[in-house]
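There are 2 protein chains.
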Amino acid sequence: MSTRVDPQPITEDRPTVQIGRSIPRLESLEKVTGETEYIHHLRLPHMLYGKIFRSSVAHGRILKLDTRAARELPGVAAVITGADVCALIPEPYYGPAFHDQPVLAIDKVRYVGEPVAVALSEDPHLAEHAANLIEAEYEELPAVFDEVEAAAATDTFVHDALKPAGTFPDLKHLQGRTKTNVALDFSLRHNDAERGFEQADYIFEHVFRTPAAIHAAMEPIVAVGEPRGSSAVTIHTSSQSPSFVRTEVARLLGWPENHVRVRTAFLGGGFGAKLYIKLEALVAVLALLVKRPVKIALTMEEQFYTITKHATTVRMKSGVTKAGKVVARRCEAWWNGGAYADIGPRVTQKSGFTAAGPYDIENVSLDSYAVYTNLPPAGAFRGFGIPQLVWAYESHTDIIARELELDPLEFRRANILRNGRPQATGTIMRDTATVEVLDTLERAMDWKAPRDPGDGNVRRGRGVAIGFKACIAPTTSVAIVNIYGDGSCAVYCGTVDMGQGSDTAMAQIAAEVLGLDPRAISVIHPDTDVTPYDMATLGSRSTFHMGNAVRLAALDAREKLFIMAGKALGCDPGLLSAAGGCVRAPDGRQLSVGEVIKSGFLMQAGNLIGSGSFRPTYTSPSHGDGQSSDITPFWMVGAVGADVEVDMETGHVRVTRLVSVADVGTVINPAIVTRQLNGGAVMQLGLTMSEALRFDHGQVTNASLADYKIPGILDVPAEIFAEAAPGCQHSGPFGAKGAGETGTFAVSPAIANAIHDATGVRIYDLPLTPEVVYRALRAAQHNPLENEL
Amino acid sequence: MSTRVDPQPITEDRPTVQIGRSIPRLESLEKVTGETEYIHHLRLPHMLYGKIFRSSVAHGRILKLDTRAARELPGVAAVITGADVCALIPEPYYGPAFHDQPVLAIDKVRYVGEPVAVALSEDPHLAEHAANLIEAEYEELPAVFDEVEAAAATDTFVHDALKPAGTFPDLKHLQGRTKTNVALDFSLRHNDAERGFEQADYIFEHVFRTPAAIHAAMEPIVAVGEPRGSSAVTIHTSSQSPSFVRTEVARLLGWPENHVRVRTAFLGGGFGAKLYIKLEALVAVLALLVKRPVKIALTMEEQFYTITKHATTVRMKSGVTKAGKVVARRCEAWWNGGAYADIGPRVTQKSGFTAAGPYDIENVSLDSYAVYTNLPPAGAFRGFGIPQLVWAYESHTDIIARELELDPLEFRRANILRNGRPQATGTIMRDTATVEVLDTLERAMDWKAPRDPGDGNVRRGRGVAIGFKACIAPTTSVAIVNIYGDGSCAVYCGTVDMGQGSDTAMAQIAAEVLGLDPRAISVIHPDTDVTPYDMATLGSRSTFHMGNAVRLAALDAREKLFIMAGKALGCDPGLLSAAGGCVRAPDGRQLSVGEVIKSGFLMQAGNLIGSGSFRPTYTSPSHGDGQSSDITPFWMVGAVGADVEVDMETGHVRVTRLVSVADVGTVINPAIVTRQLNGGAVMQLGLTMSEALRFDHGQVTNASLADYKIPGILDVPAEIFAEAAPGCQHSGPFGAKGAGETGTFAVSPAIANAIHDATGVRIYDLPLTPEVVYRALRAAQHNPLENEL
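Line by line, the protein sequences are chains Z and F. Residues in the first sequence are numbered consecutively from 1, following the numbering used here. Residues in the second sequence are numbered consecutively from 1, following the numbering used here.
Here chain Z stands alone, though its shape is the one from the complex (with noise of 0.2 Å):
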């Protein structure tokens, strides 16, 4: 096994084979011939299926539960409560960041729509039928929905006492803290805003507001419980993240991990909803209970009450000199984490170290509170609260530079960090292609070209803004490469392909190494119990961390290999290369590797088995503490170029065009990578345009893709490309890495900027719906200084 935790530059110095090339990915004819394996077609022998009976309000004590009416109905298995999970699991509460959050309600319930019974059966119909027989009385208690007023709260509070998980270090101190609603307070400040601010020659202030929204994934949540034995539980998932579901689900039940197997499929999209625990806790229960595999589905409209993307505010204040330089930045954002944490401390803190922006900005002041409200639990979403506050400091960086009548593209370029400076966290930029993705946009856009402003109804304008991400640090992927007797080849990969084709770029990757075609490596799905540990498919980390993983692991069965063949070709290993399904001597004789591997088991036998683990050295930044060095294995930044024509009697927007450009390192697959920038794009459009929870008292009152709007076809941009700026990730793969996020950053200010280029009205709170523009004109009509600041 390899293992290397230090990256160095890996690049090779000889031109690559497989990298940069747009093969087709290796599922797609499975998936456009419906053969594509999801646990959403799974059925098992005696299976139960499982409904959820749910908390009807949003802050209550359970004073009564009355299944009777339930577990009498003909057909119905069983009743499961939450007394019969505390008789199975002492503690039955679970989450990645704190241990909040319970398998099924105990005492109370903290949102509308919170598991609180399951009704099971073999027809889903009659468990649904008996879950809606269920009764339960609730005392109502007070509730708190704002994430600003709910931080501030001083009697109202979600949980008596907070409960970190103890995986993080940082969150230890918050231990048994008791009323309040902050689950987390991040804070970071580098030189002296204040001190800034007076050096300023302008001050900016301004709030931005981001609702919350949901995942919207093809495929359902669902998971199955399969139970082996009463000691050992197989869970089949359509998760993100089959490693920490493992080690969370044998934390409950106090087992070794060993217990627990984990296994995925293709997944129809995840972007973050997948993530840690969901049904996963509770199907394994129900299965040990019942001692019968169980399966749970969402439906669409359960999704609404199952993870959320946090809403948020962002208070957004700079201090700017004469001649355009940013000098002081104060940021203030409140994540609505709603009634379990989830991973949103996470998202609060690693989006919190960078809310100033891509900026080279000499005195920073940030605050981050993560909040527990009275409504839907907040989790990861692409971009992992990046595009919350991308929205606030993009629409804050076009005011100022427009204020300032400066071109707001060079008033970026101007003012950008670049490689060799230091971030807020004092981490010195690398490697991050911060200027070409501007000059990119920049000639993409043909930003100086002469533009049609329209007149009349129609208003048309233009808008740019950026955005960076760090990557989740540290994390750990390892993989195995397993050479067969006849020299096909797989990769065991506990990256969990949902679409975005890491199957591709890993076989891309492995073959790369060992002279293949990528087409003829297998990729071997997610099962804990056989593909090694990887931290999670999240957060744009998979190329570049298992795709070193599988580099590594493809390296050590390369060595096997030369070893075998060497002796077979009375060559040494060292000058051998492999090339065309073959490993050639220099002086041109070859073998296939099928041929090797034969004359190194005297027949079509054996394996050659490669393994690798890679863990990036970086840290996490720790609570109030800015100084770190080494904050992110590598930085992320996507622009997003918008133009847009601007209905002035209705309000509604159209966009017409949308350029994406994206520093991701190498590009491994540029078909793969330019359509994951462009799904990226209108994924944000979506939320930029249209899509908002709306509530009622904590109830969701738009819980169906009727009422709550993504995009269609049509809403789609009849000119939307996307570009991956020249960059070079030398401690990535070939020099690759994450593109799963940088097309969602900086969409929706550059729409919005567009539309103030268009209409000189700005608009503070997603989504720009077409209701919420024209209110914005007519405001403007009757108060135009106040929209024009």
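Hints were generated in silico from the structure; no laboratory data involved. This structure is a prediction, so every number in the text was calculated from the model and none was measured. Just so it is clear, CB atoms sit at the ideal spot from N, CA and C, and this is done for glycine as well. Nothing false has been slipped in among the hints.
Per label pair, the in silico range of CB-to-CB distance:
{"#": "1", "chain 1": "F", "residue 1": "H46", "chain 2": "Z", "residue 2": "G574", "range": "47 to 57 Å"}
{"#": "2", "chain 1": "F", "residue 1": "G581", "chain 2": "Z", "residue 2": "D715", "range": "57 to 67 Å"}
{"#": "3", "chain 1": "Z", "residue 1": "H41", "chain 2": "F", "residue 2": "V32", "range": "31 to 41 Å"}
Dock chain F against chain Z, hints included.
What follows is chain F alone, placed relative to chain Z:
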């Protein structure tokens, strides 16, 4: 990955902790609570059940196959014939030694019961009904049934030409040979047998026979084919040889191995019946043709038509001096292979070269013939031909001893093959406890104690016998040991646990190396995509081969563990030791394995992955070449002593005591080894006393467990025990060698020799049913001289 091909002594200096411990089997609780996974229980969504329509003639040309009525039966999904198979695979012939067996009959049938067509339905009963509606018309051809007659036949041939598989170089010369039923004629000459006979004072010559029999595993042969698109397939099968199934099905389909995934679960017994291809090619083809999962589970009756134990005729001739030294031996063995070779030619050859027995004989001549007949195919059966040969040579040896009025045990000891002496192949004996086994048996039997010969109607007698066996060579086993983030651990192992306790033994070996509790180690069952290659679970090879691979993999993982622990403890890794779940420094400081991993990966994450590959360099004796110096990685030696009571009026024989003594090297788990030996002895007791397939023109006439008697609890001797003789296989893991077959070797002749001791009657053909004994007693009364010789 550690690779070792030249075994060196590897027993360690320190005393072992886990080796030699009778820990309960890891799976016992699951088994007694009915929770164990068997493929027989597997149901997949949309799965069809297949029922096989079989030939009713022993040899015939298929004139017409009418499947219309079956196809038109409502609920029948499809009826598949050989023609359909040929549309998918032009040459659908499989087999480990010869590519002679069609997936479904093509043009011809060659035995009664041969699969001709398959009816498929979601309802297995409907599929059976449909199969009964299929009609076939045959042109009957002359058939051959007896192995000696078939070998000599000049006009009736089962196959037109021989088609060796090509995997065994020593079979290549047979390619295309016509007009013969002899698939393989193995011969070996050691010095000059004819000259030896000339030097001898006495010549003895007898012919011994054994009948066809079945394995009668509790779990029937079963397989499920599951298509994954049109270019990949998963086969779930109760197979002893998942790696072979993968290679062979991939070859049939013309696919690389990584398109074929073969997985097994626990097996309810195997005994050789579940090796190579049984239903796997058929269900894979069916699944690909109908694009749905297909399951076929044989009934007990169908297993009589699927795979059998070779019936044999063995002629033994010995030249002996007055001093009681055997100086020459000639053996001829005819193996009734049935209509398809399966692994029969290997049985013929692997057993053939030991046909002279474990004796130090100067001049040896061996001929062994694998013969095609029009009977169900014969294949591997626990003992791999050895019990048939031991029946001959140990009956023969006993006759000689008694004729020369020598103590049978002393006569054997005087002639026994000792370490340092050459076996007939030229291989010098090493680490083989022949003398110790005889000594232990003598003590265990209290052989020299006075005996009660009985009187009147009940006569008592006592017999001994000894046999030996080489292990298949060269073969490969590969293993992975994966230590998870919490320090729990798994062994990935292609060995199939079919009741022999291999999971437990492998866990003990890994635990010994890693200082863990074996009960804390999980063993991952074979899945060819993830568990590494293993040649097969057969021939008592697993403890030695896979045991060595697991040991090497565990050492590889331990090395990584020590490097990580060395950093954490600030200690040279070379000074660390593993014990009690911890890694210990010489100064007594220690960390649990989980703590070491956390120290290295900074959280409960990551893996330490070790892999090990083991292949001894021993060579297989090639045709006609008895001079290979290393024929086997180790020898197994098994002796049995039996006390019997014979009812002189009815011929009924009661075995009152059955003692097994074996050389199994170091014992890993004494309780498991003892049960293996006793289990083997009871299985062979059935084959000795009652089991035999009866045929009428090729039709099995007793194809049910009502008519074919296997031992019940009342047939087990009142006194039965097993003992391991002192021994150590220095090249084995901690000194161990195989124990799966040894208990079967010597049971039959020990009992026959005891019957002779009791009655003076010698029986030459198995089984020793009351009728056979009765007839022999009556014949002896009428013609005493004939039977006394």
